[in-house]
Amino acid sequence: MAGILVIAEANEGALAPISGELLGAARKLAGEGAGSVTAFIAGSEALGKELIALGADAAIVDTNPALQGALAEVYLPAVQAALQQSGADIVLMGQTALGRDLGPMLAFALGTAVSMETVDLKYAGGKLIATRACYGGNARAEVSFKNAPAIATVKAKSFDALAPDASRSGSVSTIDVAGEARVKVLGVQKAESTGIRLEDAPVVVSGGRGLGDPSGFKMLEELAALLKGATGASRAACDLGWYPPSQQVGLTGKVVSPNLYIAVAISGASQHMAGMAGSKNIVAINKDPDANMVKAAKYAIIDDYKKVVPALIEEIKKLG
Amino acid sequence: MNIVVCVKQIPDPETPAASFKVDEAAKKVIPAQGIAPVVNPYDPQATEAALRLKEAAGSGKVTVISLGPDSARDAIKHALAMGADEGVLITGPEFEDIDNFQTAKALAAAIQKLGGADLVLTGRAAADWDMGVVPLGIAQILGVPCVTVAKAIEKNGAGLKVERVLEDGFQTVETPLPAVVSVSNEFGEPRYPQLRQIMLAAKKTVQVWGANDLGIAGEMGKENRALVLEALYVPKVESNVEIIEGDTPEEKARNLAQKLRAAKLI
Ligand SMILES: Cc1cc2nc3c(=O)[nH]c(=O)nc-3n(C[C@H](O)[C@H](O)[C@H](O)COP(=O)(O)OP(=O)(O)OC[C@H]3O[C@@H](n4cnc5c(N)ncnc54)[C@H](O)[C@@H]3O)c2cc1C
Ligand SMILES: Cc1cc2nc3c(=O)[nH]c(=O)nc-3n(C[C@H](O)[C@H](O)[C@H](O)COP(=O)(O)OP(=O)(O)OC[C@H]3O[C@@H](n4cnc5c(N)ncnc54)[C@H](O)[C@@H]3O)c2cc1C
Chain A
613 MAGILVIAEA NEGALAPISG ELLGAARKLA GEGAGSVTAF IAGSEALGKE
663 LIALGADAAI VDTNPALQGA LAEVYLPAVQ AALQQSGADI VLMGQTALGR
713 DLGPMLAFAL GTAVSMETVD LKYAGGKLIA TRACYGGNAR AEVSFKNAPA
763 IATVKAKSFD ALAPDASRSG SVSTIDVAGE ARVKVLGVQK AESTGIRLED
813 APVVVSGGRG LGDPSGFKML EELAALLKGA TGASRAACDL GWYPPSQQVG
863 LTGKVVSPNL YIAVAISGAS QHMAGMAGSK NIVAINKDPD ANMVKAAKYA
913 IIDDYKKVVP ALIEEIKKLG
Chain B
3 MNIVVCVKQI PDPETPAASF KVDEAAKKVI PAQGIAPVVN PYDPQATEAA
53 LRLKEAAGSG KVTVISLGPD SARDAIKHAL AMGADEGVLI TGPEFEDIDN
103 FQTAKALAAA IQKLGGADLV LTGRAAADWD MGVVPLGIAQ ILGVPCVTVA
153 KAIEKNGAGL KVERVLEDGF QTVETPLPAV VSVSNEFGEP RYPQLRQIML
203 AAKKTVQVWG ANDLGIAGEM GKENRALVLE ALYVPKVESN VEIIEGDTPE
253 EKARNLAQKL RAAKLI
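Protein sequence lines correspond, in order, to chains A and B.
Take the first sequence: its position 24, counted from the start at 1, is 636 in the numbering used here, and no numbers get skipped.
Take the second sequence: its position 259, counted from the start at 1, is 261 in the numbering used here, and no numbers get skipped.
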């Protein structure tokens, strides 16, 4: 047994970004000797072809309609079937609503283990080593697996997707397997998103508890709109009800890695950093020169945001 | 309804980075001086959920279980002071340095020894290792469904209606009982124990079980971990910050805007 099985995901018929990132990770491991890459997806055969172009050597498409929008327990037997067909001894999936349940479920069903929210992977000395944050981001752990298969859920944006290459070839096979749904989905309510999705925005302006009240976010939204970016928040600000939880950045919120992250009145607790430390350029606006966010930033202004942010908006408008 | 709540005691997750130290050779966290361990922040929400369900039903029993060192009694006491009825502490040398797969086995064994439960409630994750695998593990071992990251839970006929938090919204599901449900911070503020309840809690029973009582001694111990810890370390962060100077906030803002433009960031 050798090889890697990637559990790809699609939203409304289109591959989710995590699918390409997982294949990027799998190709890296394949290059290190972990074997060939098989991708599993629920949906149509066309998706299987796309997965080949993104780096899979083979694709297994589960055409059973019961998998669409289903919970992990419905996926479990399908993934077990794909695992058997592929002969893989490594399984990678996303740290998504599906993967965060499916990873542990599969691990317990097969008597093995899973590394959750994995940020790095390597194949060395014949085994998979997964790196993940623990203790709220204060520490990193590297773990390996006593039993097979080794399973890892991979955090968004930890790996780069490869550019699709339509000339790549590989077999696409279909299966028709789905588990029983003991838990029934009654409905889904999408959070209303205004403007650009936080995870995709090239610029993110986030606010924290130091804003003092919800009105501070109006100012941040104006700055974000000017920079064609999105507005985020710390958990402290969300817990206070100042901003919707869907905009929370951090360990228990969204993971963002924009080109520019402007942190306004956010101290930079490790749990917040866990969601934005991958940002290319960080700007901190904070009263406290010793704040962790200031240390992590490329540029920082030490002053009251109430004076700085309106002035910054004016200056940026002047620059045009 | 018979409800079991799992609560864990962890090092304070808001320990400042400066006080957080790791013994890299032993691959262990060195407890921060003067910072007491706390109840995992999601677990009082699980207890709150249990108490609200019991109150709504007008009957039932809430048992809290914690696996950990003797100090984990404090986590149990906290739940008892909130209003839970009884406690179970799982402790002993066999449980030292076990992984979360073994933790789930031990908790499931304890639930079985209690005679099972209609509902097992946990936090969405333990804020130390932050894996979120224990609730799914307990469910798999007990052969019951698991609903994770709950924001709201209500009785619905013979089962439960649960609102879950997704990345981009919410999902409502219906589960039969028995089941395991993990509770998220969006559930809302847990009640604060009142003095009278704290005094009452002192009289509530806390049973103490070891690995032999649960018949799982052979599966515990560090050597039986399914996940092997290869390394544990504190990532290095270098600070290269440039503090933007200026006599007034306006001047600082102007200097920043110009820097950002020069660097083509805006
Ligand atoms: C299990 C767990 C999970 C968590 N998950 C997350 C998560 O996903 N995301 C997250 O963000 N947090 C998370 N947290 C919380 C985290 O530990 C911090 O408590 C939180 O990030 C602090 O938010 P903050 O920086 O907004 O507030 P604070 O830490 O209170 O910081 C406020 C900052 O504002 C500054 N300030 C005050 N007034 C002004 C002013 N007028 N002008 C400029 N600056 C000012 C202060 O100097 C300070 O630095 C989690 C915690 C736990 C335990
Ligand atoms: C390789 C490895 C080595 C480890 N070494 C150590 C170590 O040396 N020292 C150490 O302290 N920890 C250690 N741990 C961590 C410990 O095993 C986990 O913290 C614990 O089992 C919880 O796992 P989790 O983070 O997956 O919990 P989660 O699944 O995230 O927890 C979710 C919920 O499950 C319940 N729960 C979890 N654990 C318990 C518990 N013990 N009692 C009651 N309820 C619980 C709680 O309701 C919690 O909110 C190690 C973990 C691994 C993987």
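These are calculated hints, taken from the structure and not from any lab test.
Backbone N, C-alpha and C fix where the C-beta goes; we use that ideal spot for every residue, glycine too.
Keep in mind that a hint or two might mislead.
[Stated by the list, open to error] BS3-like, lysine-lysine: derived pairs with alpha carbons at most 30 Å apart:
1) A:Lys907 - B:Lys30
2) B:Lys163 - A:Lys892
3) B:Lys29 - A:Lys640
4) B:Lys30 - B:Lys238
5) B:Lys266 - A:Lys910
6) B:Lys30 - B:Lys224
7) A:Lys930 - A:Lys899
8) B:Lys238 - B:Lys266
9) B:Lys266 - A:Lys739
10) A:Lys919 - A:Lys907
11) B:Lys157 - A:Lys796
12) A:Lys930 - A:Lys907
13) A:Lys840 - A:Lys739
14) A:Lys758 - A:Lys769
15) A:Lys907 - B:Lys163
16) A:Lys640 - B:Lys205
17) A:Lys910 - B:Lys238
18) B:Lys163 - B:Lys153
19) B:Lys115 - B:Lys157
20) A:Lys739 - A:Lys640
21) B:Lys157 - A:Lys769
22) A:Lys907 - B:Lys224
23) B:Lys261 - A:Lys899
[Said to hold, decoys possible] Label-pair restraints from in silico Cβ distances:
24) A:Ala775 - B:Gly118: 30 to 40 Å
25) B:Ile245 - A:Gln696: 28 to 38 Å
26) B:Arg193 - A:Val797: 48 to 58 Å
27) B:Val210 - A:Glu657: 50 to 60 Å
28) A:Ser869 - B:Ile32: 29 to 39 Å
29) B:Tyr194 - A:Asp788: 49 to 59 Å
30) B:Ala34 - A:Gly853: 49 to 59 Å
Give me the numbers of the hints this structure contradicts, sorted from smallest to largest. 2, 9, 13, 15, 16, 21, 22, 24, 25, 26, 30
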